[in-house]
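Participant: Construct the complete structure from the given sequences, taking the supplied hints into account.
So in our numbering, the last one in the sequence shown is 1073, and the numbering has no gaps at all.
Since the hints were derived computationally from the structure, they do not count as laboratory data.
Every residue, glycine too, gets a C-beta built ideally from N, C-alpha and C.
Check the hints yourself; a few may be wrong.
[As the list claims (entries may be wrong)] Distance ranges between label pairs, derived from CB positions:
| no. | residue 1 | residue 2 | range |
| --- | --- | --- | --- |
| 1 | Gly1009 | Arg885 | 55 to 63 Å |
| 2 | Arg715 | Ala937 | 25 to 33 Å |
| 3 | Asn730 | Ala767 | 27 to 35 Å |
| 4 | Arg928 | Arg715 | 40 to 48 Å |
| 5 | Gly745 | Ser923 | 16 to 24 Å |
| 6 | Gly1009 | Ser967 | 20 to 28 Å |
| 7 | Gln703 | Ala911 | 38 to 46 Å |
| 8 | Asp857 | Arg751 | 38 to 46 Å |
| 9 | Pro861 | Arg715 | 56 to 64 Å |
| 10 | Ser967 | Thr756 | 43 to 51 Å |
| 11 | Gln855 | Gly721 | 46 to 54 Å |
| 12 | Arg993 | Gln678 | 42 to 50 Å |
| 13 | Gly692 | Glu734 | 16 to 24 Å |
| 14 | His727 | Pro861 | 45 to 53 Å |
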Amino acid sequence: MTLPPQRSLHDTDTAVYQRWRQINDWLTDHRGFWQPAPFMEPQPGWVGQNPDLARWLGQLGGEDCEHFENNPGELASHVQQWLPGAADYGRLTTVTDLRPAPATVAAATLAERDATDMPGRKRLQAGALCAALSPLQHPLLDWCCGKGHLSRTLFRHSGLAVTGFEWNPTLVEDGNRLARHFGDAVTIRQQDVLQQDLCWPDQVHGTALHACGDLHRKLIRDGARQGQPRLSFSPCCYHLTEQDDYQPLSARAGSAHPALGLSRHELRLAVQETVTAPLRVREQTERARQWRLGFDGLQRAIRGEDSYLPLPPHPSRLLHEGFEAFARWAAARKVLALPAQVDWSHWEGFGAARLRQVRRYELIRHLFRRPLELWLVFDYALYLEEAGYQVRVGAFCERSLTPRNLLVDAVRG
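Facilitator: The structure is reproduced here in structure tokens:
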């Protein structure tokens, strides 16, 4: 088989590069709106520069905030009178619809009776991804496969043998037990995929459903270097990386000017969504955010310094013990001496007021989540183009099923 020539490292004419470039320039032009985090900076610079926008946000009710949080396209339409660049939001975030017909998705999804230990949402996500990849023509590799939920879905749909890589021995054992029980030709191997000299099966279709950060980037690099025939993955948790600052994978993105430059903290913005989280989880998250903001106000007052002190993850029990217990835990972790008398109700109320403000200012920052995610995903696509793959990028399911609904599908030769 004769492979097509690799893309020139300086080829700027591809559709993928043009999409990436447009998003890169837009994010660069508007960095003042998304780089400052209102949770840490009570008054981001754009607030003083755009007082009318800040006033409009301030008058929004709680239901308005929730609506715009879940419908960023509508928010963009409302704020473009103060933020003209928001008019480009729809054009920049539109991607190819890779969702097959509902009947095709249903046929590719494991029946509930066969989905032992598989959460319902994960079952539907695996079916949607599998259907979007049809037809499947090569033996399959499920990267970071857990118990093999995607592995078993791929086998049932294609009849092709599936190998899974998973580092957790308990999940490996459970996954192989499930495959044997249901008679699926799935073999899960205990494997650290970050291992430098990782040995892949020959000529396989590498797949991954929501592999995180460095894990999915290793899939991209390894698969392309070995010339695997097809790589298909839905990325997640881009910020889970050992690098302090993100380095683009592709030569074209890496050499572009202006360079966006993203820290690990800024990468986290791409996945800050709770659209599919249960109500109880969302309520607990909001309570924790309120208490952290209350402590933030307290620590600034005690230290006499108007700067944010990051806290480590808190024990879940603290959410049931009240604000004072939380604040005392936080002070101990930051080695901060508390005054003998603290008006705990005042600082708890302060946190509630700050959270109300943060939720409104964050609407503007969150407008840049999807563009930032697409900036990353199109960089992956560029890298694969440079390695000789034909790449498509699009949505494989509804956002309500998972906000991480982007699929990169790369075919070599």
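Participant: Now tell me, hint by hint, if it's right for this structure.
Facilitator: Checked hints:
1. Gly1009 with Arg885: 55 to 63 Å: 56 Å, holds
2. Arg715 with Ala937: 25 to 33 Å: 30 Å, holds
3. Asn730 with Ala767: 27 to 35 Å: For alanine 767 against asparagine 730, whose Cβ atoms are near 30 Å apart, the range 27 to 35 Å holds.
4. Arg928 with Arg715: 40 to 48 Å: 29 Å, violated
5. Gly745 with Ser923: 16 to 24 Å: For serine 923 against glycine 745, whose Cβ atoms are near 22 Å apart, the range 16 to 24 Å holds.
6. Gly1009 with Ser967: 20 to 28 Å: 22 Å, holds
7. Gln703 with Ala911: 38 to 46 Å: At roughly 40 Å between Cβ atoms, alanine 911 and glutamine 703 fall inside 38 to 46 Å, so the hint holds.
8. Asp857 with Arg751: 38 to 46 Å: About 44 Å separates the Cβ atoms of aspartate 857 and arginine 751, which means 38 to 46 Å holds.
9. Pro861 with Arg715: 56 to 64 Å: 60 Å, holds
10. Ser967 with Thr756: 43 to 51 Å: 44 Å, holds
11. Gln855 with Gly721: 46 to 54 Å: 52 Å, holds
12. Arg993 with Gln678: 42 to 50 Å: 48 Å, holds
13. Gly692 with Glu734: 16 to 24 Å: The hint (16 to 24 Å, Cβ to Cβ) holds, given that glycine 692 and glutamate 734 are roughly 23 Å apart.
14. His727 with Pro861: 45 to 53 Å: Holds - the Cβ-Cβ distance for histidine 727 and proline 861, about 48 Å, lies within 45 to 53 Å.
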